[in-house]
Every structure is written in C-alpha cells, then in structure tokens.
Amino acid sequence: MEFVSPTPKGQVTIPKPIRDALGLTPKTKLRVYADRGRVVLEPVSPLDSLLEELEAEARQKGYTREDLEREVEAVREQLIKKLYPAGD
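In numbering that gives the first Met the number 0, the protein residues as written are 0 to 87.
Hints listed in this document are in silico derivations from the structure and should not be mistaken for laboratory results. Watch out, some of these pointers could steer you wrong.
Restraint-style ranges between C-beta atoms, simulated for each label pair [said to hold, decoys possible]:
hint: 1; residue 1: 7; residue 2: 74; range: 43 to 53 Å
hint: 2; residue 1: 40; residue 2: 72; range: 28 to 38 Å
hint: 3; residue 1: 72; residue 2: 14; range: 44 to 54 Å
hint: 4; residue 1: 54; residue 2: 27; range: 11 to 21 Å
hint: 5; residue 1: 1; residue 2: 33; range: 13 to 23 Å
hint: 6; residue 1: 74; residue 2: 47; range: 17 to 27 Å
hint: 7; residue 1: 33; residue 2: 58; range: 19 to 29 Å
hint: 8; residue 1: 76; residue 2: 37; range: 16 to 26 Å
hint: 9; residue 1: 2; residue 2: 74; range: 23 to 33 Å
hint: 10; residue 1: 32; residue 2: 56; range: 17 to 27 Å
hint: 11; residue 1: 62; residue 2: 37; range: 33 to 43 Å
hint: 12; residue 1: 77; residue 2: 6; range: 48 to 58 Å
Lysine-lysine pairs mimicking DSS-like chemistry, simulated, CA-CA at most 30 Å apart [stated by the list, open to error]:
hint: 13; residue 1: 60; residue 2: 26
hint: 14; residue 1: 28; residue 2: 8
hint: 15; residue 1: 8; residue 2: 26
hint: 16; residue 1: 26; residue 2: 15
hint: 17; residue 1: 28; residue 2: 60
hint: 18; residue 1: 15; residue 2: 28
Quick caveat, the model's predicted, so the values are computed rather than measured. Ideal placement from N, C-alpha and C gives every residue a C-beta, glycine not left out.
Based on the provided sequences and hints, a complete structural model is requested.
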C-alpha cells in the first residue's frame with residue numbers, strides 16, 4: 000500500500016506499480032466517484048467510453064432514452080432484413 004496526496008489542483012499520481020499492474024497508460028480513461036468515504040478510480044472500457052460520449056451528445060441534442068431505443072430498434076430491424084432477406 001502506498002500513500003499519495005492531492006496537489007493544490009486536486010491531482011493525484013497513481014503509483015507506477017499500480018499503473019503497471021492495471022495496464023494504465025496516459026490514454027486510459029478512468030471513472031472517478033466517491034463511495035462510502037472513499038475515492039474510487041475505475042478504468043473505463045473503450046466501449047463504455049464511446050457509449051458515454053454518444054449519450055452526452057444525444058442529450059445535448061434533446062433526445063430521450065426512448066428516442067434512442069426506438070432508433071436502435073429501427074436500425075436493428077433494417078440490419079436483420081438486409082442480412083436475412085425473406086424467402087432465403
């Protein structure tokens with residue numbers, strides 16, 4: 000266990016052995032949140048990162064979750080029809 004202190008800007012350096020063990024690189028995105036008095040850092044998968052960006056963009060454009068679910072279903076149906084044409 001190592002101890003770290005936040006800088007005046009609130010930045011914390013993750014010790015190298017921990018970065019290495021988790022495969023963290025400067026490009027790794029981390030989710031940060033408080034949980035029962037602890038600060039938790041979790042690596043975000045590339046897919047989660049993409050979904051978060053898409054969700055934020057959709058929200059900015061005024062789309063609701065229901066709008067997105069309808070659009071996903073429509074695209075899914077189009078893809079199924081394209082991949083599995085009727086009568087084949």
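Status of the hints after comparison with the structure:
The hint said 43 to 53 Å for the Cβ distance between residue 7 and residue 74, and at roughly 48 Å that hint holds. At roughly 35 Å, the beta carbons of residue 40 and residue 72 sit within the given window of 28 to 38 Å. A hinted range of 44 to 54 Å holds for the C-beta pair residue 72 and residue 14, which are about 46 Å apart. Distance hint check: the CB atoms of residue 54 and residue 27 are about 20 Å apart, consistent with the given range 11 to 21 Å.
The given range of 13 to 23 Å is respected by residue 1 and residue 33, whose C-beta atoms sit roughly 20 Å from each other. Judged by the Cβ atoms, the range 17 to 27 Å given for residue 74 and residue 47 holds: they are separated by roughly 20 Å. Between residue 33 and residue 58 the Cβ separation comes to about 23 Å, which falls inside the hinted range of 19 to 29 Å. Distance hint check: the CB atoms of residue 76 and residue 37 are about 45 Å apart, inconsistent with the given range 16 to 26 Å.
Between residue 2 and residue 74 the beta carbon distance is about 50 Å. The supplied range of 23 to 33 Å is therefore violated. Distance hint for residue 32 and residue 56: a CB-CB separation of about 22 Å, consistent with the stated range 17 to 27 Å. Look at residue 62 against residue 37: about 34 Å separates their beta carbons, and that is inside 33 to 43 Å. The hinted window of 48 to 58 Å between residue 77 and residue 6 holds, with their beta carbons roughly 51 Å apart.
With a C-alpha separation of about 27 Å, the suggested pairing of residue 60 with residue 26 holds against the 30 Å cut-off. For a cut-off of 30 Å, the pair hint linking residue 28 to residue 8 stands: about 19 Å separates their Cα positions. For the hint pairing residue 8 with residue 26, the CA-to-CA distance comes to about 20 Å; that is within 30 Å, so the pair holds. Of the supplied pair hints, the one linking residue 26 and residue 15 holds, its CA atoms being roughly 15 Å apart against a limit of 30 Å.
The suggested pairing of residue 28 with residue 60 holds, with an alpha-carbon distance near 24 Å, which does not exceed 30 Å. Between residue 15 and residue 28 the alpha-carbon distance is near 16 Å, which keeps this suggested pair within the 30 Å criterion.
Checked against the numbered hints given earlier, this structure breaks hints 8 and 9; the rest are met.
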